[in-house]
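Novice: Sequence:
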Amino acid sequence: MKIYTKKGDTGTTQLIGGTRVSKSNSRIEVYGTVDELNSYIGLTSDSIDDNKVKDVLKEIQDRLFTIGSTLASDPEKSRMKIPDLKEDDVLLLENEIDKMNERLPEMKSFILPGGLSANSICHVARCVCRRAERLAVALALNEIVEPIVIKYLNRLSDYLFVLSRKISVDAGIDEIPWKPRL
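So the sequence shown is residues -8 to 173, counted in the working numbering.
Hint data in this document are derived by calculation from the structure and do not stem from the laboratory. Just so you know, not all the hints are guaranteed correct.
[Unchecked claim] Below, simulated SDA-like cross-link-like pairs (lysine to any residue); rule was C-alpha separation at most 25 Å, straight line: (1) Lys43 with Glu85; (2) Lys49 with Asn92; (3) Lys99 with Phe152; (4) Lys45 with Glu78; (5) Lys43 with Lys14; (6) Lys142 with Phe152; (7) Lys170 with Val153; (8) Lys77 with Ile135; (9) Lys99 with Glu20; (10) Lys49 with Lys99; (11) Lys14 with Pro138.
Source: prediction; values computed, not measured.
All chains should be built: construct the whole structure from the sequences, respecting the hints.
Specialist: Encoded structure:
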């Protein structure tokens, strides 16, 4: 399989289903952002030593490929069988959030990213996740986007926030509270 086809040299790309669209198309922007998020999830995983969390992050990366495949498909023309996202995928995130929260101190203020590289990387992933969610919501205003995609991205950003806190606590690093200047 050749990596380059030269078909995109004019600024277009093909959706699953055959439709050619501009590379600036909002559908491409969403799944490109999901791809970026997936890379940051990988970087987060590479930055930590917790094998149980690494397993969850690998599962998340698989789900993000599922989301990318869904978003890369022309909902009206694609006949290709695409893996599907399930409510159980959202429940996995919720269960992991709840388990981590049981061991975390109560939040008394907003928390600034930082204090440890792995924490900061996780926060970058959270921010990219929020952007992917916003882009998916915007796309859904005009095109078909499965509601569970938006739900999953919303819950994933929550998971990444709680994971960033867990990373700091596990490393014995104090969280950095935001102290607004009044």
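Novice: Going through the earlier hints one by one, which of them does the structure break, listed in rising order?
Specialist: 5, 9 and 10
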